[in-house]
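Novice: Sequence lines, in order, name chains G and P.
The opening residue of the first sequence carries number 1 in the working numbering; numbering runs sequentially from there.
The opening residue of the second sequence carries number 1001 in the working numbering; numbering runs sequentially from there.
Think of the hints as simulated: they come from the structure by calculation, not from any bench.
Beta carbons: idealized from backbone N, C-alpha and C, even for Gly.
Heads up, a few of these hints could be off.
Quick partial rundown of chain P residues pointing at chain G, CB under 7 Å, derived from the structure [as the list claims (entries may be wrong)]:
| no. | residue |
| --- | --- |
| 1 | R1042 |
| 2 | L1116 |
| 3 | S1258 |
| 4 | H1262 |
| 5 | G1314 |
| 6 | T1317 |
| 7 | T1319 |
| 8 | V1326 |
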Amino acid sequence: MCVLCYEFASEEHWSDALGSDAGTTVGFPPGGRHRRTALIAAVLRPYGLTVSDPGQGRHVVVGDLKGSSEVAAGLGEVWAAAQRLSSRPVDVLDDLLLDSLAKEIGQRA
Amino acid sequence: MTLLLATPRPAYGSVTDRRRVTILSGFLGSGKSTLLRSHARRLSPLIPRVVVNDYASIEVDDILTGDLRRHQRMVTGGCACCTRRDELAQALRLSLDDDPSGAEEDRDVIVETSGLSDPGPIAFTVAHDPVLKHHYTLAEICVTVDALTGAASLDRHAVAMRQVLAADRIFVTKADLVDERSVRSLVDRIHAMNPTAGLTVTAQGEPRWSVPPRSAAHPGSTERDLQGGVEPHTGSVSTIELRTTTPLDWQAFSVWLSLLLHEYGPRVLRVKGRLDIQAVGPVALNGVQHIIHRPEHLTHPVPPGTRLILITEGLDTATVERSFGVFMGLAGKEPTS
C-alpha cells in the first residue's frame, strides 16, 4: 500500500521501469506518461473509446461514448478494460486500427 | 568451462545483490541430471544449491544425484509449473534460510524441473513471487534435448517444443549415441526453431561443440528487414525478426507490445531482443509467452540498432510487420488526444 495515498499497489507492469545490469533502476525521460496516454487514446479512438489521465497514482480512466467508464492501472489493465467496454476486439493487428493510426501520421506529416 | 551457470554476461535481471536462479529443463530422460552431476563435479567443492522437481512422488532424481544431496531440496509429486508451484516457491524461500548471509558460493541456485514442466511459469514464479523477487533473479533457462529421442519428442509433445522455445541455452545431450549427421540435423532444426538460444552438444555431460545464438553470429546487420520462416516440423510456428536502425520510442513500443500480448499472448511463444530506445540507449528484452521480464538497460557496449525476435504460433508475419511499423511510426509524434 502506498503510504501517501492509501492506494493498494497493483502488480508492476514490465513497461513501468527499467532494470540495469549495474543493479540500479533507470528512469524514463520525463513527459513519457503524457505521450503514453496520447498513444493509448489514438489506439482506442477507432473503437469508440476514450482515455483520460486524472494525474493521480498510476491510474487512467477508460470510457466509452455511452458514458460507461473503468479505472485502470498499467497497460495490461487498460487493454483489459478497453476489451470489456468495446463491442469489437481491440486488436493490434486489426486493419481498421492500423489504417486509422497510419492516417493520423499522414495528417501530421 | 562452467556449463550451466551463466557466465558474467548479463542475462535478464543480473542484479548483483540477488541470488541467480538457473532453470534446468528438458523432456523426460533427456539428460538433465547427468548434466547437473557433471557440472557439480566440475565446480566441486563449490557445489551450487539445487532444487529438484520430480513428477513422480518417488525421488528418482534424488538417488541419481546422490553426491549433491547435501545441497538440494526436493519438490515431488507434480510439476513445479502447475500443481507444485507453491512448493517450489517454498523450497526457494527455505533455501534462503540455509544461508542467510548469502556467501559467494551460494549465490547460484539451479532449479531442475520435471521433464513435463513448462519453464515459463516457473520463471514467472521466480520473478513475481512477493518474497522471491527480492532475493532471486533469473539468470538463464537451460534446456536439454536428447540426441537420440529429441526429434520424436518435439514431434509428439507440445511441452518439449515449449521447453526449447523458452530456452536461453540448449544442450543436445548423448551425442555419442547417434551418428554425427543426425546430431547436425537435430541441431539445425532446434536452431531454426529458437535462433535466440546458444546451443551446446554434449556427450556424457561433457561439452563437445557449440553454436552461438543467431544475434551473436551477425552483430553487424543494421538494415530493417523481416524474415518469416515457417518451420516444416512445427506447423504454424514461425520466427519473426524485427530490425530497425532508428531509435524506438519506449512508450510507442510498450503500447504496441503490451497490446499484442494482451490479444495474442498465448500465441507469442517467445520475445527476445535488444532495443535501441530514444534517450535511454540499449535495452535487453526477454519474455516467455505473455510474461515479460523487467527490461534491462545495458551499460556494456552492444551493436547499434534494434533487433527483436518473436517466435509466434499462427500469426501472419506481414501483418505483425505492418503493425510494428505503423506503431513505431508514431514514435516522437504527438497523436492528438
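Novice: Which earlier hints can't be squared with this structure?
Specialist: 1, 2, 5, 6
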